[in-house]
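Keeping their order, the protein sequence lines are chains A and B.
Mind the numbering: the first sequence is residues 0 to 157 in numbering that gives the first Met the number 0, read in order.
Mind the numbering: the second sequence is residues 0 to 294 in numbering that gives the first Met the number 0, read in order.
Treat the hints loosely; a few may be bogus.
[What the hints assert, rightly or not] Label-pair ranges, simulated between beta-carbon atoms:
#1 292/B / 71/A: 41 to 49 angstroms
#2 266/B / 1/A: 48 to 56 angstroms
#3 25/B / 11/A: 36 to 44 angstroms
#4 71/A / 3/B: 20 to 28 angstroms
Calculated directly from the structure, the hints in this document are not laboratory data.
Remember, predicted model here, so these are calculated numbers, not experimental data.
All C-beta atoms, glycine included, are put in the ideal place defined by N, C-alpha and C.
Read off the chains here:
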Amino acid sequence: MAKQHVTTTINGNPVEYLCESRQTLLEVLRDELHLTGTKEGCGTGDCGACTVNVNGRMMCSCLFLGVEAQGKSITTVEGIANGEKLHVLQRKFVEHAALQCGICTPGMLVASKTLLDRNNNPTEEEVRYWLAGNLCRCTGYNQIIEAVLDAAKEIRGA
Amino acid sequence: MSSDMRYEAPATLEAAVALLAGASGVARVLAGGTDLLIQMRGGRVEPALLVDIKGIGEMRSISAENGGFRLGAAVTAMEMSEHAAFAKAWPGLTEAAMLIGSYQIKGRATVGGNLCNASPAADSVPALIAAGATASILGPNGRREVKAEDIATGPGKNSLAKGEIVASFLLPARPARSGDAYLRFIPRTEMDIAVVGAGINLTLDEKGVCTHARVCVGAVAERALLVQAAADALIGTPVDAAALERMGAAVSAACRPIDDKRGTKAYRIKVSAVMAKRAAAIALNRALDRARGTK
Ligand SMILES: Cc1cc2nc3c(=O)[nH]c(=O)nc-3n(C[C@H](O)[C@H](O)[C@H](O)COP(=O)(O)OP(=O)(O)OC[C@H]3O[C@@H](n4cnc5c(N)ncnc54)[C@H](O)[C@@H]3O)c2cc1C
Ligand code: FES
Ligand code: FES
Numbered sequence: 000m001a002k003q004h005v006t007t008t009i010n011g012n013p014v015e016y017l018c019e020s021r022q023t024l025l026e027v028l029r030d031e032l033h034l035t036g037t038k039e040g041c042g043t044g045d046c047g048a049c050t051v052n053v054n055g056r057m058m059c060s061c062l063f064l065g066v067e068a069q070g071k072s073i074t075t076v077e078g079i080a081n082g083e084k085l086h087v088l089q090r091k092f093v094e095h096a097a098l099q100c101g102i103c104t105p106g107m108l109v110a111s112k113t114l115l116d117r118n119n120n121p122t123e124e125e126v127r128y129w130l131a132g133n134l135c136r137c138t139g140y141n142q143i144i145e146a147v148l149d150a151a152k153e154i155r156g157a
Numbered sequence: 000m001s002s003d004m005r006y007e008a009p010a011t012l013e014a015a016v017a018l019l020a021g022a023s024g025v026a027r028v029l030a031g032g033t034d035l036l037i038q039m040r041g042g043r044v045e046p047a048l049l050v051d052i053k054g055i056g057e058m059r060s061i062s063a064e065n066g067g068f069r070l071g072a073a074v075t076a077m078e079m080s081e082h083a084a085f086a087k088a089w090p091g092l093t094e095a096a097m098l099i100g101s102y103q104i105k106g107r108a109t110v111g112g113n114l115c116n117a118s119p120a121a122d123s124v125p126a127l128i129a130a131g132a133t134a135s136i137l138g139p140n141g142r143r144e145v146k147a148e149d150i151a152t153g154p155g156k157n158s159l160a161k162g163e164i165v166a167s168f169l170l171p172a173r174p175a176r177s178g179d180a181y182l183r184f185i186p187r188t189e190m191d192i193a194v195v196g197a198g199i200n201l202t203l204d205e206k207g208v209c210t211h212a213r214v215c216v217g218a219v220a221e222r223a224l225l226v227q228a229a230a231d232a233l234i235g236t237p238v239d240a241a242a243l244e245r246m247g248a249a250v251s252a253a254c255r256p257i258d259d260k261r262g263t264k265a266y267r268i269k270v271s272a273v274m275a276k277r278a279a280a281i282a283l284n285r286a287l288d289r290a291r292g293t294k
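With the rest of the complex left out, here is chain B:
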């Protein structure tokens, strides 16, 4: 780490953007630091300026907006899980964030950091994309709204320009019969990086027919993949066994994974379908529970 790093903790988003935009050397946003401080320790990034965003109120809160939720990008996994209304509306996204590391890490790790760090295996990202989240980004040229799937572009790379900060995410209003779920495969029960992750979000009509679906898989390509063909396999069906098989096949067909120590290509392609089918079954049950008014 460079010895003369400057640390700033501004109270407003505008001040944070101004600091980042005006920096002459390498500048980084500091959220929970659970990726960044490790990268700095390893010498992979040597910032001249760190801008700590945790003092910025609008980035730290969850609030109701247009029937949905505005989720601050610097809200931690623990804070999400403790927000009863949010966790109830988006159990899949909340569970995905709560898979991030130990309880020590969950108390620090943010969804904004998970997304902007751009690891292809990031756990909350497929769930966030499946949820249809829109990121609100502030930069030196003003605000722009970008779909969550358009932020990470490849391992460690994102589409943010110099000075831009992801301020928050808008999670859309939930129709009555909706459910989401995220599952990952790891060889242990805790504290490991996903071999494959699958996030599903679906809505049913009064007859139980799927009218809307989003399917997103992680750790099977250079970034999380939103698979339209897999969603199409569910839409118009009662999400029965046949539809799940077609959805799983579409997921496998879309994967373009690498071989590494956690899993081979062939294994990941196969397991992606299994994880997606199981997650869809959970999302379906959640939607049916809501329809019955039990949850």
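Bound-form chain A, shown alone:
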């Protein structure tokens, strides 16, 4: 069957691509658009490494078809920094040593940014529950939680 034509917005830029109807958004991002920041861990919605933001909600791009992106606005980890200038979350992840191997980091950043865009004053418990779908095998999570809380503080100007 002919490939499907999709028109969408990725990190603020209009994007068009052709994909097979069975391809996931994760495959389209990585293999067709070469936006390899988004990672694949499990492919089954369990690890959150593939997290992207679609129209303001975070989703697992491994459980989202490329064709479903038609007309949507998508943010990936590549869209978080402002040019060379890191986003406060990225800076705080570095400062707090909230990453080691880095495989979980793009998903953690997109998920944390989605949270802080909704609520810039979350409790520690809210951050932990919000990130329950993002697994990290390296850090033990505490540094990640601290980085997110610290970033929230800076955003609030506190």
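Take the given structure of chain A and dock chain B with the ligands to it, following the hints.
For chain B with the ligands alone, coordinates are given in the frame of chain A:
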């Protein structure tokens, strides 16, 4: 997955039904895809046609109807929890839907998908059945209304005919002193499949006597079980300790679970009573809070 799968995203329910009814190969409704895309990836289902229903307005909205609510089958768990009036009227059902997976999953997962996928452990299903929801189904032969408990028939099996779509659910009007609750037992605090789930919905009269109750348990049989004997144990009582004990015993008696890695039969039978009693206590408090006008 088959390589030449057709994907359609119709704007109306009628068009979606026509596509499904006219399909020659395997056709599937795509809601949030959190069950279906995994099944496709694993090769368990290879659709020739996917009909994405998320562009159909009436399936995506929550609206007032006859004093109750019309809940679109493709409304996500997150959207339910963000609808203040709905979440206030049906806290148990809303919390049950919000137990589904991580926040990434809750932003995609729908109650229609949870029900039609027909996992015996589906979290929103006992709460939906306890709520007395009626599904409105559209198919090639027109509309029909079916109680939520008559949709799933066994693991992965439902009673929908070819071309039929669950369009929405009607949640009945809430009498003044009513409350619902859902609890599940899992060994972790998040991201796990229910060993047992229990949904309770009850109404009290002015004296605090229970006049209406529905008790439904999940993960203890091939599908969620609506236990009439358990409801009968609550009706006519003030939902005191003695009534809760009798209700729990009726729940345990109705269970016909399997042994699996999550729990043994004996364990599930025992825990079903515990979960049902605790959920009933929460539902009771919610009904009393409403009676006092505090919530
Ligand atoms: C990481 C992860 C964690 C999860 N955790 C939980 C959990 O804690 N509790 C739980 O209960 N489930 C859980 N699930 C399972 C799943 O998320 C839920 O069952 C969800 O509600 C399915 O909804 P959906 O909209 O994604 O359905 P889909 O995958 O789109 O559809 C499921 C099935 O139902 C059919 N269908 C969907 N909508 C309709 C309709 N309106 N009419 C007719 N047929 C329809 C589809 O064709 C398909 O066969 C989890 C899944 C993942 C990936
Ligand atoms: S790769 Fe998508 S959740 Fe793991
Ligand atoms: S830094 Fe390695 S998985 Fe999180």
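Now for the hints, and whether the structure bears them out:
Taking 41 to 49 angstroms as the suggested C-beta distance range, the pair residue 292/B and residue 71/A conforms, at roughly 43 angstroms. Between residue 266/B and residue 1/A the beta carbons are some 53 angstroms apart, a value that agrees with the proposed interval 48 to 56 angstroms. Judged by the Cβ atoms, the range 36 to 44 angstroms given for residue 25/B and residue 11/A holds: they are separated by roughly 39 angstroms. Taking 20 to 28 angstroms as the suggested C-beta distance range, the pair residue 71/A and residue 3/B conforms, at roughly 24 angstroms.
Consistency note: the structure conflicts with none of the earlier hints.
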